[in-house]
Amino acid sequence: MPWPPSLSRPGRGISWIGWTFWAIDGTEQTAALLRHALIRTLQLPLRQAGITLIQIPDGDSDTAFDTRQGLAEQLLRSRRTIGRDLDGLLRAHTRTTGITLPEPRTVSNPFDTALVRTGARLLTGGTADVSVEELTDAWRSVWTGPPEQLDRITDAHLAAHHAGTDLRTLSPLAHGLPGLVHALEHADADLLCEAVRACTKASSTLLKLLLEHTDAGILTELMDDVMWDH
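Residue numbers (this note's numbering): 1 to 230.
Be careful, since some hints might not be right.
Simulated crosslink set (DMTMM-like; lysine to aspartate or glutamate; CA at most 25 angstroms straight-line) [as the list claims (entries may be wrong)]:
#1 208 x 221
#2 208 x 87
#3 208 x 73
#4 201 x 190
#5 201 x 224
#6 208 x 188
#7 201 x 25
#8 208 x 224
#9 201 x 212
Note that these hints are calculated values from the structure, not bench results. In this text, all values refer to a predicted model and were calculated from it rather than measured experimentally.
Input sequences plus hints: build the corresponding full structure.
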């Protein structure tokens, strides 16, 4: 197949399609390329905002906290989609053509302002800068699933806290984006490739179905499947 090598030419970014081929190959060389591409992609929002990882301070001092909050605001200023309901726009547009798409089962708008602002603070400061209540409130503002699901999450955090455990430390963003990048830098190569293969399987399946079926009904059918939300 001639096109996969073109995905990784010097000076060009590589999409998740190229990542899939590197992950399938799974050699030491392709795992190193995959690791580099993942880390570079994770830092893309920072680069667009003119921020580097080294600028993000750690520690719980007031100065470090205020710096991270400022960097989060700087990160948000470079995001053009904050607050925009792209999913809603898609549904509204299809309704004008006589197609009714299934309503969202979990989150109505992943670009909601409150949710994105909380996410920016998680990227710069990790879970130490965002309380469970703040995070839950941000999700609740866009949550379309059963309300008791969020209540169970809050109850689990409170119960763990009373037992002397902080469940937030289990989050991939427990230490913000710097912590996530550090984890990827030291991740086992085989496990990294296995994780990418698993994560890209659904995306590749959806893309294949969308490309092979040109009728509008395929989008309705795919969005009605739980895999779409996942």
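query = Is the hinted pair residue 201 and residue 25 satisfied, with a Cα-Cα distance of at most 25 angstroms?
reply = 15 angstroms, holds
ask   = Is the straight-line distance between the alpha-carbon of residue 201 and that of residue 190 25 angstroms or less?
value = 17 angstroms, holds
query = Holds or violated: residue 208 with residue 221, Cα cutoff 25 angstroms?
reply = 14 angstroms, holds
query = Within a Cα-Cα threshold of 25 angstroms, do residue 208 and residue 73 meet the stated pairing?
reply = 38 angstroms, violated
ask   = Between residue 208 and residue 87, does the CA-CA distance stay at or below 25 angstroms?
value = Holds, because 21 angstroms separates the two Cα atoms, which is no more than 25 angstroms.
ask   = Between residue 208 and residue 188, is the straight-line Cα distance small enough, at 25 angstroms or below?
value = 30 angstroms, violated
ask   = Are the Cα positions of residue 201 and residue 224 separated by 25 angstroms at most?
value = 18 angstroms, holds
Distance restraint between residue 201 and residue 212, which requires alpha-carbon spacing of 25 angstroms or less = Given that 25 angstroms is the threshold and the Cα spacing comes to 17 angstroms, the pair holds.
task = Mind checking the alpha carbons of residue 208 and residue 224 for me, to see if they're no more than 25 angstroms apart?
result = The hint holds at about 17 angstroms.
Checked against the numbered hints above, the structure violates hints 3 and 6; every other hint is satisfied.
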